[in-house]
Amino acid sequence: MIRFILLQNRQGKTRLAKYYIPLEESEKHKVEYEVHRLVVNRDPKFTNFVEFRTHKVIYRRYAGLFFSLCVDITDNELAYLESIHLFVEILDHFFSNVCELDLVFNFHKVYLILDEFILAGELQETSKKAIIERMGELEKQE
Amino acid sequence: MILTKARIRKSCDFGIVEMNLKSKSEVSVQESLLQLDLVELSRSFKTDPIMNPFSSGTRLRDMIRAIRSCKTAAEERAVVRKECAAIRAAISENDQDYSHRNLAKLMFIHMLGYPTHFGQMECLKLIASPGFPEKRIGYLGLMLLLDERQEVLMLVTNSIKQDLNHTNQYIAGLALCALGNICSAEMARDLAPEVERLLQFRDPNIRKKAALCSIRIIKKVPDLAENFVNPAAALLKEKHHGVLLTGVLLCTDLCKVSKEALEYFRKKCTDGLVKVLRDVVNSPYAPEYDVSGIADPFLHIRLLRLLCVLGQGAADVSDTMNDILAQVATKTESNKNAGNAILYECVATIMSIEDNGGLRVLAVNILGKFLSSRDNNIRYVALNMLMKAIALDSQAVQRHRTTLLECVKDSDASIRKRALDLVYLLVNESNVKSLTKELIDYLEVSDSEFKGDLTAKICPIVEKFSPEKIWYIDQMLKVLSVAGNYVKDEVWHALIVVITNASNLHGYTVRSLYRAVQTAGEQETLVRVAVWCIGEYGEMLVNNAGMLDGEDSITVTESEAVDVVETAIIRHLDLPTRAMCLIALLKLSSRFSSCSQRISNIVLHYKGSLVLELQQRAIEFNSIIEKHHNIRSVLVERMPALDEATYSSRRAGSVPAAVSTSQGAPLNLPNGVAKHTSSPLVDLLDLTSDDVTAPSSSGGDFLQDLLGVDPSLDLSHPGTNQTQKSSNDVLLDLLSIGTPPAQSSSSMPDMLSPSQDNKNSLDVLDTLTSPPAPSVQASSPVGSSMMDLLDGFGASSSVPVAENNGPTLPSIVAENNGLTLPSIVAFESSSLRVTFNFTKQPENPQTALIEAQFINKSPNIYSNFTFQAAVPKFLQLHLDPASSDTLSANGNGLITQKLRLTNSLHGKKSLVMRIRISYKMNDRDILEEGQINNFPRDL
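Listed in order, the protein sequences are those of chains A and B. Residue 1 is where the first sequence starts when you use the UniProt record's numbering, and the numbers rise one by one after that. Residue 1 is where the second sequence starts when you use the UniProt record's numbering, and the numbers rise one by one after that.
Do not rely on the hints blindly, as some may be mistaken.
What the hints assert, rightly or not - From the structure, some residues in chain B lie toward chain A, with a derived Cβ separation under 7 Å:
| # | residue |
| --- | --- |
| 1 | Gly113 |
| 2 | Asp296 |
| 3 | Asn376 |
| 4 | Asn377 |
| 5 | Tyr380 |
Stated by the list, open to error - Straight-line Cα separation of at most 30 Å, BS3-like style, residue types lysine-lysine; simulated pairs:
| # | chain 1 | residue 1 | chain 2 | residue 2 |
| --- | --- | --- | --- | --- |
| 6 | A | Lys18 | B | Lys71 |
| 7 | B | Lys256 | A | Lys18 |
| 8 | B | Lys239 | B | Lys275 |
| 9 | B | Lys125 | A | Lys140 |
| 10 | B | Lys239 | A | Lys129 |
| 11 | A | Lys129 | B | Lys275 |
Because the hints were derived from the structure by calculation, they are not lab data. Keep in mind the model is a prediction, meaning the values are calculated, not measured. The beta carbon of each residue, even a glycine, is placed where N, CA and C say it ideally should be.
Construct the complete structure from the given sequences, taking the supplied hints into account.
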């Protein structure tokens with residue numbers, strides 16, 4: 001199960017933070033700080049997996065953004081790595097060639113996409129097309 | 001389709017180009033996330049395709065832009081404060097029109113890390129409003145600003161309940177999403193029926209959300225699991241990938257919380273699941289779910305994981321999935337991450353389900369292939385899985401040993417660490433030498449931060465599997481030379497214990513250490529061991545004693561040996577090292593007479609040390625070196641062999657050892673002995689009245705630990721305080737007397753002057769009573785000095801004197817017809833032979849009477865012949881004066897000496913004795929030592 005998802009830039013600014021476990025605000029900030037520290041200076045040749053407290057963080061860097069998932073120690077790291085890529089592809093498709101600013105100004109949309117992709121810490125849909133279509137339908141509701 | 005829509009919108013948005021041009025500069029500095037192509041010109045015309053909820057004004061955008069343009073944190077805080085104030089005002093005015101925009105702003109502010117709790121109630125209001133846009137922001141705010149622990153959440157239960165039943169399925173979707181992400185146990189109970197119903201909703205989007213929501217519910221309230229079993233089983237028959245995926249997940253979690261569910265799925269669903277997996281594996285290309293040529297790897301993985309849960313502990317269920325697992329394991333493409341993810345999950349399933357030898361070999365081979373991959377991620381997961389596999393089939397894992405060793409050398413720390421853990425588990429008697437060699441070779445070139453980990457693994461391997469002591473010592477010296485600064489204290493403590501016990505290797509070890517220190521003098525622990533050994537066995541370094549076959553001899557002068565210690569004490573600032581150096585110097589001062597003055601000067605230098613410990617040692621040692629030549633050689637005798645069993649059992653978890661290391665006390669193990677040996681002794685002899693030393697009782701305990709003395713034994717000693725007790729023990733140990741303190745008063749004079757008519761003890765006394773007393777008159781000073789010496793015991797002084805000078809009591813006893821036992825050759829060297837003849841009195845089986853005979857095998861006469869013996873605590877030893885102190889050459893005469901040995905553990909422990917013989921040959925002092933283990937069994 002995914003414990004939390006973080007999107008952070010190289011400077012450590014959090015662009016998206018989704019927690020599937022309850023944490024105090026102060027604890028969340030601590031987590032975000034620590035995860036950023038963990039991933040930001042890692043050699044790109046190293047694994048995309050880092051142990052974090054009793055869990056592990058699966059992260060992947062796209063341009064200046066780090067996508068980090070914190071998952072259980074027994075979870076399939078490779079699968080989550082693949083799901084990060086799928087998420088980025090969805091974002092890229094939705095914002096057509098996504099960049100960090102898209103995520104800043106449309107953060108609420110990013111959350112909406114994420115809620116169509118992952119729910120309760122588990123993958124909900126694995127088809128890019130299905131999610132993009134769903135987003136179209138939701139937008140019509142606005 | 002979406003794309004075209006977006007393009008259309010782009011062209012329509014030319015009207016607001018002006019506004020977007022402003023954002024161009026911001027956009028153009030950003031890199032494309034996917035790096036497909038960098039910023040194109042058209043990009044600047046692109047607007048947000050989803051501006052609607054805030055189209056009445058771009059104020060969210062404005063706020064974000066204002067915040068982004070802030071140059072300092074203070075500026076940012078000011079903007080945020082202003083915005084928050086405006087939002088608060090709007091909330092208190094109950095401004096309905098902009099409330100969802102305000103909440104959106106608040107969420108952004110929240111993401112920046114500012115407090116936003118005042119917006120919580122606003123979320124609830126928005127959720128309760130009728131429209132989708134308000135609800136969407138309301139639920140988003142709920143999930144961001146609140147979590148399951150807030151009581152406010154209870155207020156929203158009813159709204160969620162209504163929304164779950166809403167006719168608009170998108171609103172029901174919002175409610176399900178919020179419930180799935182933050183529901184509490186109470187909400188789970190309240191809303192479970194709605195969610196259960198939605199599992200059969202016509203729209204698949206709702207069904208999959210309901211399935212994941214159910215997972216949250218059963219995790220919060222496991223009792224509810226039974227309600228979900230049937231609907232979950234129905235989901236497994238779905239064709240829609242998303243619903244199937246979430247259905248499989250729900251079933252997996254149901255199995256985890258409910259045994260009944262697990263049994264149910266095992267019986268009813270295994271075959272179906274195997275079929276589903278087969279269909280997925282063999283499905284034709286489906287672009288929608290395709291990831292690098294594999295149709296929906298995520299579904300593969302989820303199915304495999306559920307099969308794993310079902311197969312665990314159920315042989316028949318495991319049997320039904322063998323074929324499909326074999327198919328997945330052999331057919332899946334392994335050149336892309338997605339394929340490897342499936343293979344990895346498949347291996348995990350094979351490892352977890354009930355035994356099938358063939359499949360497991362297949363699985364370990366897949367992992368072997370993973371290990372040789374160039375992708376670190378793949379190697380990482382392979383190592384993780386091999387850790388599990390090693391418990392099932394270590395033989396199969398052994399085959400990949402060489403690849404694993406390569407992984408130990410990887411640049412990525414997480415790979416290295418795992419590989420090292422695995423290699424550690426793979427070591428056995430047969431491969432220990434080659435693996436250790438590899439690891440030590442690597443130790444030389446590894447990163448400094450990894451050296452600690454490496455040594456922490458290498459040392460126990462060497463310790464546990466070492467085939468012989470010399471190999472152990474060699475390997476440890478290598479480790480210390482390369483990474484001595486990284487090993488833990490236990491490691492070199494253990495090494496010293498082993499060295500003391502390997503009496504035939506003392507010379508070899510000290511010479512090896514001497515060589516090692518020349519090249520690796522910066523490795524502190526190596527230096528400590530070297531200094532300790534040079535202190536103990538320095539003479540073997542200089543005279544090349546105890547050469548092994550094939551060992552290169554080295555020429556080291558006494559002064560060069562002192563050089564090592566001097567360099568160490570100057571170079572290393574660490575207190576334990578310096579203290580050990582001082583001890584070594586003290587010991588060398590008596591062994592290397594040529595360097596005595598130089599050593600004295602070095603020691604003297606530390607008299608002014610600001611470190612109390614060093615100062616005290618320097619003063620005490622200096623006093624011993626300068627003023628007390630006569631007792632010095634006795635004081636600095638070689639340490640007895642430390643008891644390995646006691647040491648290792650102490651290390652294994654008893655409190656005192658742990659305390660001594662964890663406190664980082666400056667008293668290091670082997671050295672601590674010597675320290676406390678000397679200072680209490682000095683106290684006892686009252687030699688340095690101006691240097692008041694106060695050995696702490698804890699030091700005494702520590703010491704007793706070291707010497708393997710059971711503390712309970714000491715508690716039984718009457719009438720002495722802790723310090724005196726320990727110091728007394730120390731004294732006895734130092735003098736190689738094994739008798740407990742209660743008897744010490746009687747054995748002491750014998751020990752000091754076994755064959756020389758109290759000459760030695762008189763020498764001791766010279767320091768107190770200036771004129772050398774003739775031996776005949778010795779008796780009374782002996783008595784009184786012994787009082788001094790053993791001050792604190794309050795033992796009667798007359799006893800030892802009387803015994804000493806009286807008729808040889810044992811010889812009389814020996815004439816009583818006791819049991820006669822076979823004689824043994826207790827000790828034999830090239831120059832000397834010692835035989836023991838035994839007699840025993842039947843009425844006193846605990847006591848053995850020994851007549852020792854010394855024969856000179858050399859052509860020279862020995863004078864000043866002294867025999868000393870030491871025994872463990874459970875034995876009591878009484879030595880009578882020897883028949884003579886001169887031994888004529890070529891075996892033409894012999895000295896006899898009687899010993900009485902009482903074994904308090906008769907029948908349980910056999911006798912053991914260490915002996916030391918010193919004599920003068922051609923005016924040279926000779927010292928011989930040995931241990932006697934070959935006492936007759938029933939003695």
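Return the numbers of the hints above that this structure violates; sort them in rising order. none
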